[in-house]
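A.B. asks: So the protein sequences, as listed, match chains F and V. For what it's worth, this note's numbering labels the leading residue of the first sequence as 1, then goes sequentially. For what it's worth, this note's numbering labels the leading residue of the second sequence as 1001, then goes sequentially.
If you're looking for bench data, these hints aren't it; they were derived computationally from the structure. Do not take every clue at face value.
[As the list claims (entries may be wrong)] In silico lysine to aspartate or glutamate, EDC-like type, Cα no more than 20 angstroms apart, as pairs:
1) V:Lys1014 with F:Glu51
2) V:Lys1014 with F:Glu49
3) V:Lys1242 with V:Asp1207
4) V:Lys1190 with V:Asp1219
5) V:Lys1014 with F:Glu55
[Unchecked claim] Just a sample of chain V residues kept apart from chain F, beta carbon distances all over 10 angstroms, derived:
6) Phe1114
7) Ile1115
8) Leu1137
Built from N, CA and C at the ideal position, the CB exists for glycine as well.
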Amino acid sequence: MWFKYPAIVMLFFIVSLLQVSFLPYFSIMTFTPNVISIIFFIIIFLKREKEYYYELFIIVIAGFCLDIFSNYYLGLSIISLFILYSLIQLIHYLFKERQNTHLLAYFMVSFLFYFMAHGLLVQLLSNPFTMEFNLGSITLIEVFYNLVLAVAGFFVYKKIQSLASKDRQLKLL
Amino acid sequence: MNIYVKKQDYFWQKVLVGVGILIALILFLNIFESPVRNYFYIASAPVTKIFLKSGNATFSFFAAFFPNENMKKENMLLRQENQKLLSRLAIFQDSLSKDYLNQGASQIAKEHSFILAMVHIIALDVSDDFLFIDKGLKDGISESMPVISSENVLYGKVHQVYDNFSKVMLISNSASVFDVKVQNDAPSKKPVYGAIKGISNRSLYLDLVSSESEINEGDVLVTSALEGSFPRNILVGRIVSKDKNDLKPFQTAKVDHFFDVKNTDTLFVITNYKK
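Build the full structure now, drawing on both the sequences and the hints.
C.D. replies: Printed below as a string of structure tokens:
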């Protein structure tokens, strides 16, 4: 499975370019969805096998792609995604029994938490001395827009996962 | 032998190795930030240009299904036409005003003899109010140079320069503040000055207009060059609604900006003007 590393690089590279060129045309009330952040969350949240170094690699690539066109120093998103990754693992550990019963609801609540925490962390790490976080009505539109895309991504990922697992099943006949 | 203790040790070892790798990588990226960004933009510019064009085309295709969006497009063309006329009017009115004050119009012509560098947008960071252009240090671009469109509409100023690319801060960025004046119909009328402040997400407002001054909805704002960030008479926007409160020393107004990052491909950097 060596090709999963270049595949992740290509995926995030293309998505980061779409983020700054194609997606701004589909903004709602000046808000553009953060697709890099959504894809990162879906992969980390729904990944079945736990591979620490591969997940670290995803954090680095996704963080780099978030930072390269931003006005922040390179590495800010890598740090924030690493913190969020640790929190997601903690949530998984705490709610491991409930994961299989209401997976979509669990995914949506976790995504909302992740999205807010990501915004907060970026603000905190970019300027540690002033901490402002706007949770006004416009920000809620942004959250909703991203949540809709995340749910769509959730179903796409589940479909891909089920197709991949079908291929791996032992064919007796 | 307790196997759980051994497993925990590996966990912390892994975390430490991971954190170590991240710190080393972040240090490396920050030491070589400028070349890393520049080479990334070189590699991505041809692709983003295609994506920008296809984004615009896709948006136009879907807009065709919504009459309102079609009207918006038509409106945009009329607006561009209007901006050209307003720009000519601004120069004309300013010269009239100067004549009125017995000053030579030649000085204005001299001030407007800009040296322009044509640039293309390669990427948009609309959430942070920045855009990326395909010219940099090697093309004579430097920080703080104003960026305008062919309709003489102000977009912003160069914020960061790399070897082959530059990052432009839009006037709607929350860090952007500059002086403007209300375009005057009558040269004898006292000019009204104020400051345009960006509030991010491509929004801006007019502030610091003295409460005695009269501003109206629909008034056109142009740069005033009082503090020198931008040359004078470049179109900024139009007042949408004003907020006048007798208890406050200044009045404010909501402003609809003239710049349109989604429908512009080519911009101009004024290379002979720098604060």
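A.B. asks: Do the alpha carbons of Lys1190 of chain V and Asp1219 of chain V lie within 20 angstroms of each other, as the hint requires?
C.D. replies: holds (15 angstroms)
A.B. asks: Find the nearest Cβ of chain F to the Cβ of Leu1137 of chain V and say whether that gap is larger than 10 angstroms.
C.D. replies: holds (18 angstroms)
A.B. asks: Mind checking the alpha carbons of Lys1242 of chain V and Asp1207 of chain V for me, to see if they're no more than 20 angstroms apart?
C.D. replies: holds (10 angstroms)
A.B. asks: Does Glu49 of chain F sit within 20 angstroms of Lys1014 of chain V, going by the straight-line distance between their CA atoms?
C.D. replies: Distance of about 17 angstroms is within 20 angstroms: holds.
A.B. asks: Classify the label on Ile1115 of chain V as holds or violated, using whether its beta-carbon is more than 10 angstroms from each beta-carbon of chain F.
C.D. replies: holds (28 angstroms)
A.B. asks: Need the status of pair Lys1014 of chain V, Glu51 of chain F: alpha-carbon distance at most 20 angstroms?
C.D. replies: holds (11 angstroms)
A.B. asks: May I ask you to check that Phe1114 of chain V keeps its beta-carbon over 10 angstroms from the closest beta-carbon of chain F?
C.D. replies: holds (27 angstroms)
A.B. asks: Given the proposed pairing of Lys1014 of chain V with Glu55 of chain F, does the C-alpha separation stay at or below 20 angstroms?
C.D. replies: The given pair, whose Cα atoms are some 12 angstroms apart, holds under the 20 angstroms limit.
Violation of the numbered hints given earlier is absent; every hint is satisfied by the structure.
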